[in-house]
Amino acid sequence: MMRETIMGLALVTIGVVISCRGLKTISDDAWRVLVVVIGLICIILGVAISHWIVKLLLFILLLMLNVDPNES
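Each residue of the sequence shown is one higher than the one before, counting from 253 in my numbering.
By construction, these hints were calculated from the structure, which means they are not laboratory data.
Mixed in with the good hints, there may be bad ones.
Claimed, not checked - What follows is a set of in silico ranges between Cβ atoms, one per label pair, in the way DEER data are often shown: (1) Leu-261 <-> Val-289: 16 to 26 Å; (2) Ile-312 <-> Ser-279: 46 to 56 Å; (3) Trp-283 <-> Phe-311: 15 to 25 Å; (4) Ser-279 <-> Trp-304: 20 to 30 Å; (5) Val-306 <-> Thr-265: 13 to 23 Å; (6) Leu-308 <-> Thr-265: 19 to 29 Å; (7) Arg-273 <-> Ile-296: 24 to 34 Å; (8) Arg-284 <-> Leu-313: 40 to 50 Å; (9) Val-268 <-> Phe-311: 22 to 32 Å; (10) Leu-308 <-> Asp-280: 11 to 21 Å; (11) Leu-313 <-> Arg-273: 35 to 45 Å.
In this text, a Cβ means the ideal position worked out from N, Cα and C, and glycines have one as well.
With the hints as constraints, model all of the structure from the sequences given.
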């Protein structure tokens, strides 16, 4: 669990750094857009990895609790 969270946070951080540095240092508009898009893709992947792990943990928790609304 911790490994995926760290990967997600690392991807978000890398995406933010790439986007910010691309906006500050690159003067050509086409390259600037490309670098910012790559940074945004990293951010989206990092968030997706983090949310996927959270959903998986909630699913496992529900399975462990064995909640069945039909039982009385």
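Evaluated hints:
{"no.": "1", "hint": "Leu-261 <-> Val-289: 16 to 26 Å", "verdict": "holds (21 Å)"}
{"no.": "2", "hint": "Ile-312 <-> Ser-279: 46 to 56 Å", "verdict": "holds (49 Å)"}
{"no.": "3", "hint": "Trp-283 <-> Phe-311: 15 to 25 Å", "verdict": "violated (42 Å)"}
{"no.": "4", "hint": "Ser-279 <-> Trp-304: 20 to 30 Å", "verdict": "violated (37 Å)"}
{"no.": "5", "hint": "Val-306 <-> Thr-265: 13 to 23 Å", "verdict": "holds (18 Å)"}
{"no.": "6", "hint": "Leu-308 <-> Thr-265: 19 to 29 Å", "verdict": "holds (22 Å)"}
{"no.": "7", "hint": "Arg-273 <-> Ile-296: 24 to 34 Å", "verdict": "violated (18 Å)"}
{"no.": "8", "hint": "Arg-284 <-> Leu-313: 40 to 50 Å", "verdict": "holds (44 Å)"}
{"no.": "9", "hint": "Val-268 <-> Phe-311: 22 to 32 Å", "verdict": "holds (29 Å)"}
{"no.": "10", "hint": "Leu-308 <-> Asp-280: 11 to 21 Å", "verdict": "violated (42 Å)"}
{"no.": "11", "hint": "Leu-313 <-> Arg-273: 35 to 45 Å", "verdict": "holds (40 Å)"}
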